[in-house]
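All chains, please: the whole structure from these sequences, using the hints.
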Amino acid sequence: MKPRPRILIAVAGFVALLAVAIVAIGTAAGPARRIADAGTPGAVSLAPGPRLLARSLAADSRDHLISVATPDTGGGRTVSTTSCVRLYAAAGTGICLRLDGGLRTFEAVVLGPDLDPRRTLPLVGVPNRAQVSPSGRMVTWTVFVTGDSYNGGHFSTRVGILDTRTGELVSTLEDWSVLVDDKPYEAADLNFWGVTFTRDDGHFYATMSTAGRRRLVHGDLATRTLRTVRENVECPSLSPDGTRLAFKSAVDGDPRHGWRLSVLDLAGGTVTPLAETRSVDDQATWVDARTVAYALPRGRGHADVWHVPADGSGVPRLVIPDADSPVALAPPEAPEERAAT
Amino acid sequence: MYLSTIDRPARDTPRPRRRARPRRGRVAIGPNVLALGAVSLLTDVSSEMVTAVLPLYFVLALNLSPAAYGVMDGLYTGATALLRLVGGYIADRTRRRKRIAGVGYTISAVAKLGLLGAGASAPALGAVIVADRAGKGLRSAPRDALITLSTPEPLLGRAFGVHRAMDSAGAFLGPLVALGLLSIVGATTPTAFDALFVTSFCIACAGVLTLALFTRDHRDEHPRAKPVTVRAAVALLASPRVRGPVYAAGVLGLATIGDGFVYLVLMDRQGFPAGWFPLYAVGTNLVYLTLAAPLGALADRWGRKRMLLCGYLCLGIGYLLLFGPLPGTWTTALVLLCLGTFYAAGDGVLMALAAPVLPAALRTTGLALVQTAQALAYLASSVAFGFAWVTWGPATATRVAAAAVLAAIAVTAVVLTGPTRTPAPTPEEAAE
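As you go down the protein sequences, you meet chains A and B in turn.
Numbering follows full-length UniProt numbering, in which position 229 of the first sequence is assigned residue number 229; successive positions increment by one, without gaps.
Numbering follows full-length UniProt numbering, in which position 153 of the second sequence is assigned residue number 153; successive positions increment by one, without gaps.
Rather than coming from a laboratory, the hints here were simulated on the basis of the structure.
Computed from a predicted structure; not experimentally measured.
Please note: incorrect hints may appear among the correct ones.
[Stated by the list, open to error] Partial chain A-side listing against chain B, Cβ under 8 Å, derived: (1) Leu17; (2) Pro240; (3) Pro297; (4) Gly299; (5) Arg300.
[As the list claims (entries may be wrong)] Output of the computed footprint for chain B on chain A, the stretches with three or more beta carbons under 8 Å from beta carbons of chain B: (6) 4-10; (7) 22-33.
[Said to hold, decoys possible] Label pairs and their in silico Cβ distance ranges: (8) B:Pro327 / A:Asp37: 46 to 52 Å; (9) A:Arg4 / B:Pro240: 56 to 62 Å; (10) B:Pro327 / A:Asp182: 35 to 41 Å; (11) B:Thr229 / A:Tyr185: 51 to 57 Å; (12) A:Ala275 / B:Val234: 58 to 64 Å; (13) A:Arg213 / B:Gly324: 51 to 57 Å; (14) A:Pro122 / B:Pro240: 39 to 45 Å; (15) B:Ser239 / A:Arg298: 26 to 32 Å; (16) B:Ser183 / A:His203: 37 to 43 Å; (17) B:Gly393 / A:Ala275: 14 to 20 Å.
Every residue, glycine too, gets a C-beta built ideally from N, C-alpha and C.
Below, the structure is given as structure tokens:
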């Protein structure tokens, strides 16, 4: 081809491609701005009460925190101006994992009762799980990080724990002492995720994976020790009375076969599969002593919040359409319960 | 019109022991190499901008678990290595190197749109990612063969250096473009990612267009002397002078541990927040793209084998520095400098070293063989180093790795002592 037509074709082609890209970016930018402005300030509170909070996935309010009354009183959802990709709250303290504006990295924000930011910590990696201890003192999160090359550039996870009273931060569990079946254990491929706190704020349960096996571990903040409890228990979530763990159990012990939402009785060691038979890849949350809630993905970029009885009976019920990251703001604790801790 | 032909030194006289020196100050990089560099740059911007945000996309936009991504990620390593050989062989057999490379670039471009079409279906997304990697596997060897065919032999190091510098500049820019775009769009909704994938597709198409319009195939310059058959391709390995670079690539690949391990040690030693983890790779890439062209040119004057071995020496020093006496910041800076220098002195130079000993008719297959040997050995060494790390701890493991690098340098020095001189050029080659 002669140089001149060749250059003309190239210029025409580049201009056309540029135009397509600009149109694509422009079309996406408009709705994104409208979503960013959604919500009402002060519409959502973290104060304990009979409400469920969640992250909206609806097209007009994506990522914004929403609040729904329980039982559903027909009041619909209240939308806040605060956006998070994962959230949890208890006793007036919230943890919100979100993008931090400019550089497209993430941050963890500790929220007060009125969603007022109290402390912000940069996160490395993509946020995945978040929990707050029942007293509201301890907050924890899990992020997925890439680059740890023992797993060939795949994802690994990292847990952070913050004591909101002392400000003390645990930035990873990977340097803690690990006891597998009561024997000291060291490995480079330790991964932790899905922390859930006990009522005393000094202990927690979490998932540990190493050498292809995933185990439930019990952690002690004072001694910085993790002790394995049993296998195939992922993303535990402690019941309000501290006796049971809701978790996702890999079907046939293999995560590629999906997960079955189950409840472990800590004292007796029995596992009860719940009535939800679809694969649940989420850290469930207790709505009350008898019910757990969880998100189930639906199509591209959507999910719904469902709940199901915690004793294996009944059927799953849809509680909040087009939302994920549910958390129940239980009513204030009864005085005798508080005395017991 | 090819500047490379102007600069091509006469080659019918027996070559002196030292390589023929290109004259200083001349533009010695053919437009074909620059155009191929531009294609690589655009393609790398396109693919790295997607790679950088895929974890975000899977987790935030699709609500998929990252484990699903990990499973897909494991699919393609083996497939890519095999496809390199297939692509190389077909390119040699048809002698349509540009076309095979073009098919590879096009597959990867279309895969960007496939991400839109796959929706949230994990198997479909896996297929799209495999297709993208297959495109990469298919195009690498034909592209490198085109570079060798458009460059006089004494200037190969510089040509590969320039190409690799442009290539890594694309890899460097890609994540920045992605971040900039997500900042403009202002959210990480599925729609925002759609815009990103469409943009990535457009940039990849610009690369394909550049390839189609501004690069030239060298199909007719090497009339086929011997038929290109599978048997001939296998027979490549029987030739000691071809075996030399293949063994060298394998041995050197075995001595290289994953960069991730190095960055992990740096992070642990410096107590950096893990958030800065990606910045280590940025540092290495900056050194790489800065030094690739000058070190490639230097290799042409000073000896490619020597440059390659020096690169590996840098790598060994880098490994030793990890648990050396220097304070944290100095350790980080010097280790990244060593890593970047190693890539600049190794990657393109190895191709420049291998190309001249390969028969022209099977050059693409031969280059694919070298790349595959290195990739597979590297995969094996990463696994082995993982075990060493767990068994002996990082300090001992990195020192053992440094020792392995020294051993590899010694072995390479021996296996590459064979006749690495160019086979006497055919009249067709000389007349190119």
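* Which of the numbered hints above does this structure break? -> Hints 2, 9, 13, 14, 15, 17 not satisfied by this model.
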